[in-house]
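Q: Read off the chains here:
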Amino acid sequence: MATAAEVRAVVQAVIRTAAGGPPVIWRYQDAPQPQLDYVDLAFGVSTPEGYDYVAEEWATDEQSASLRVAGVREQALELQAWSAATVEDDARATAAALLERVAVRLRLPAARAALAEAGVSVIEPGPVLWQPSVVAAGFRGRATCSVRLRVPVASPAGIETAERVRSVEVVASVAGMAATGALVCGPVAASSSNAFPLPYRNPNGDFFAEAVFGESWNGGSVMVSGYDATGTAVAEVLAAAPGDVTTGAQPFAVVSAVVCPSAPSGLTQGTVALRAASGGPLILLPSRAEGGQFQGALRQPRGSYRVTVTFRGAWDGGHVRVGGLLEDPTAWGSPAVPVEDFAPPPGGEGVVVGTFRWAAVLSVTKVADEANPAAVGTRGTAEVGVADVNEYIRAAP
Amino acid sequence: MIGLDAADLIASLATGCYVVRRRRAGSYDQAGRWQDGPLDQITIRAAVYQASGRDLQRLPEGRRSVETKTVFASVRLYVGAQAGTGSEARYAADRLVIEGREYEVEEVQDYPGVPGYYRALVQAVE
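Residue numbers (our numbering), protein chains in the order written: chain H, 1 to 397; chain E, 1 to 126.
Keep in mind that the hints were calculated from the coordinates and are not lab data. Positions of the beta carbon are idealized from the N, C-alpha and C atoms, including for glycine. You may find that some hints are simply not true.
To be verified - Partial list, derived from the structure: chain E residues whose beta carbon lies under 10 Å from chain H:
1) ALA25
2) GLY26
3) ARG33
4) TRP34
5) GLN50
Claimed, not checked - Take a look, some chain E residues computed to stay more than 12 Å from chain H by CB distance:
6) ARG22
7) GLN35
8) PRO38
9) SER52
10) ARG54
Whole structure, please, built from the sequences with the hints as guidance.
A: Below you can see the structure in the form of structure tokens.
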């Protein structure tokens with residue numbers, strides 16, 4: 001798409017050609033006017049046509065997109081011609097004749113083709129108005145004409161960027177919602193045991209925790225608690241290293257708490273930040289540990305996600321129940337583990353998309369429903385996947 | 001006839017030497033944009049004073065709140081002119097550097113012959 005500068009250049013070049021000789025300059029420059037005759041031009045009123053849209057340009061790894069807003073405008077091009085002659089005769093054209101010539105030539109294929117190169121089209125040249133002016137002690141020929149153009153407009157690329165969930169692939173689409181190839185578990189047959197087998201492959205993946213200590217840190221070691229990919233509670237102590245980084249060796253699927261077991265009472269000095277290893281996303285922003293506890297909110301390295309359950313082969317194994325940790329870490333540790341039930345579609349075929357946002361799925365089971373009180377079926381399979389393949393999880397200006 | 005030498009008078013009342021940035025006229029390029037001409041620099045001896053209220057009244061209304069000074073010089077200062085008209089057509093308005101700040105010539109009163117001096121109003125360039 002042509003830039004605004006390219007559009008201006010093409011429009012000026014076309015008017016210059018159509019004028020057939022006199023200088024064509026941009027209005028409102030703090031500079032002397034040229035010798036008569038000449039044409040000046042300026043863009044006037046700009047009216048949006050339809051709705052602007054957001055255009056995405058994806059990086060080669062398809063994990064981040066550069067966004068720009070683009071659209072179409074009906075753009076007034078204000079033309080003004082000045083001439084020494086104020087009375088038309090064979091030898092000297094007035095400003096009105098000059099603009100009439102420009103308006104006529106804008107209808108010709110050559111002018112339209114040149115404008116089309118930049119995505120510009122002429123809607124309509126307006127009437128030419130003859131408005132001589134008095135300059136100093138004499139008349140000067142002056143004429144004006146407003147031409148309606150249709151021009152493309154676009155913001156600079158990258159005025160905002162967006163990233164999406166890593167490592168997911170679209171394998172099916174039902175009613176506009178995407179099910180993905182990033183499986184949490186399965187497929188499992190309807191006739192299998194009610195507890196789906198471990199491990200659950202959370203799309204966040206395993207990561208090692210890494211503590212980045214400030215120079216003046218005096219809060220001692222940092223203990224990280226959470227769950228591994230099998231849903232087992234795990235913890236690891238990262239030794240204090242003021243001004244340095246300590247990397248752990250325990251794989252985490254999610255981090256549920258960060259404390260300083262040996263912090264001095266009262267205020268500590270310095271800060272510590274926690275991140276996924278090797279410069280990965282931050283889990284805990286740099287903060288102090290008052291009384292051994294950090295005040296900042298935890299975040300999972302790659303955000304949260306919704307799940308889908310894909311039923312195939314006329315599934316008759318009952319509901320599928322997903323349980324685990326929701327995205328809000330303040331609710332973790334509650335005795336009531338959140339669960340979400342997925343009822344199979346009629347006929348036991350299709351994809352059901354959940355509404356909860358999970359930080360980690362820690363259990364998947366079959367549960368009884370009215371059609372199958374024992375939750376033991378004979379037909380079909382079910383698998384749990386990750387939804388929202390096209391949903392942005394983070395946007396930064 | 002009374003013999004007056006304005007150059008001597010201005011020299012005796014001068015407040016200092018000042019750099020004048022003389023800008024030769026530019027031209028419009030093919031794209032319709034003004035391109036500045038080359039810049040010459042000369043140094044003149046001049047008497048610079050605060051402009052009076054009467055001086056300010058000679059300026060357009062919108063320009064009266066801009067810092068203005070009166071300059072007496074024996075060297076002609078250019079106020080600039082539209083391209084193709086008058087003897088100053090090859091120049092844009094001169095700019096003087098007064099105490100590190102740039103002022104543009106807005107008006108020149110020309111008293112040629114004897115005594116032969118120029119009285120200019122200059123205004124700060126924002």
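Q: Please go over all the hints and tell whether each is borne out by the structure.
A: The hints, checked one at a time:
| no. | hint | result |
| --- | --- | --- |
| 1 | ALA25 | 7 Å, holds |
| 2 | GLY26 | 7 Å, holds |
| 3 | ARG33 | 6 Å, holds |
| 4 | TRP34 | 4 Å, holds |
| 5 | GLN50 | 27 Å, violated |
| 6 | ARG22 | 15 Å, holds |
| 7 | GLN35 | 9 Å, violated |
| 8 | PRO38 | 15 Å, holds |
| 9 | SER52 | 28 Å, holds |
| 10 | ARG54 | 25 Å, holds |
Checked against the numbered hints listed earlier, the structure breaks hints 5, 7; every other hint is satisfied.
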